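**Student:** Given next are the chains, with one letter for each unit.
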Amino acid sequence: QQPVQSPQAVILREGEDAVINCSSSKALYSVHWYRQKHGEAPVFLMILLKGGEQKGHDKISASFNEKKQQSSLYLTASQLSYSGTYFCGTGRMDSSYKLIFGSGTRLLVRP
Amino acid sequence: SAVISQKPSRDICQRGTSLTIQCQVDSQVTMMFWYRQQPGQSLTLIATANQGSEATYESGFVIDKFPISRPNLTFSTLTVSNMSPEDSSIYLCSGLRDRETEAFFGQGTRLTVV
Chain F
4 QQPVQSPQAV ILREGEDAVI NCSSSKALYS VHWYRQKHGE APVFLMILLK GGEQKGHDKI
64 SASFNEKKQQ SSLYLTASQL SYSGTYFCGT GRMDSSYKLI FGSGTRLLVR P
Chain P
1208 SAVISQKPSR DICQRGTSLT IQCQVDSQVT MMFWYRQQPG QSLTLIATAN QGSEATYESG
1268 FVIDKFPISR PNLTFSTLTV SNMSPEDSSI YLCSGLRDRE TEAFFGQGTR LTVV
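Chains F and P, in that order, are what the protein sequence lines are. The numbering used here applies: residue 4 is where the first sequence begins, and numbers increase by one. The numbering used here applies: residue 1208 is where the second sequence begins, and numbers increase by one.
Derived by calculation from the structure, the hints in this document are not laboratory data. Since this is a predicted model, take the numbers as computed values, not measurements. Just so you know, nobody snuck in bad clues.
In silico EDC-like cross-links for lysine to aspartate or glutamate, where the CA-CA straight-line distance does not exceed 16 Å:
1) K1272/P with E1293/P
2) K53/F with E1309/P
3) K101/F with E1309/P
4) K70/F with E56/F
5) K1214/P with E43/F
6) K58/F with E1307/P
If we take Cβ atoms under 7 Å as the criterion, some of the chain P residues that face chain F in the derived model are:
7) S1249
8) L1252
9) R1306
10) E1309
11) A1310
Covered by chain P, according to a simulated footprint, are these stretches of chain F (three or more residues, beta-carbon under 8 Å):
12) 28-36
13) 44-51
14) 82-95
15) 105-111
Ideal Cβ positions, reconstructed from N, Cα and C, are used throughout, including at glycine.
In isolation and in its complexed conformation, chain F is listed as follows:
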């Protein structure tokens, strides 16, 4: 079952902050975050492996609440280059490992 992301879309002014949430109904081994621009392949942002893990680089960070099966991506002081569609990918152990992507969040940063 596909993880649910919220919001579905968000529009920001340059310099504003945003939070994107990812929620799964199944137990998670890992959470990945990717950004995809139109016509391009998804680009890896970060992976979180442990419940409670938080990671970040530059102005983009993420957290993983294993107990709640949720992850959040934090974008601070947004830049025009942040525009795109953000996907969470949930790593699950069914009969074998698989990576299932969320519904996506469209982000537009305006000057």
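Put chain P on the given structure of chain F with help from the hints.
**Tutor:** Leaving out everything else, chain P in the frame of chain F:
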């Protein structure tokens, strides 16, 4: 990270025909997956390509329609068989070295069935 070369990048095919998409990774990967992505939509997992054995398909996808091969740890193919216009989509392959590392993607194949 590794690099995946995926080809063709795009194709226009007649209904009823088949197309084979190839992905070549520049280093060995443990896992390879095939996804389908409709314009403006998320990535839907088609199947896990298993090295040396039959692929593991997700609900709604069957081997007769989407046969997959993975003869070694660096190469996989996906065939879209007996195509119809509903198969028009972007197909992406991805690879992971292990469960605790990133997935990297081929550039995708944009398929149009007419």
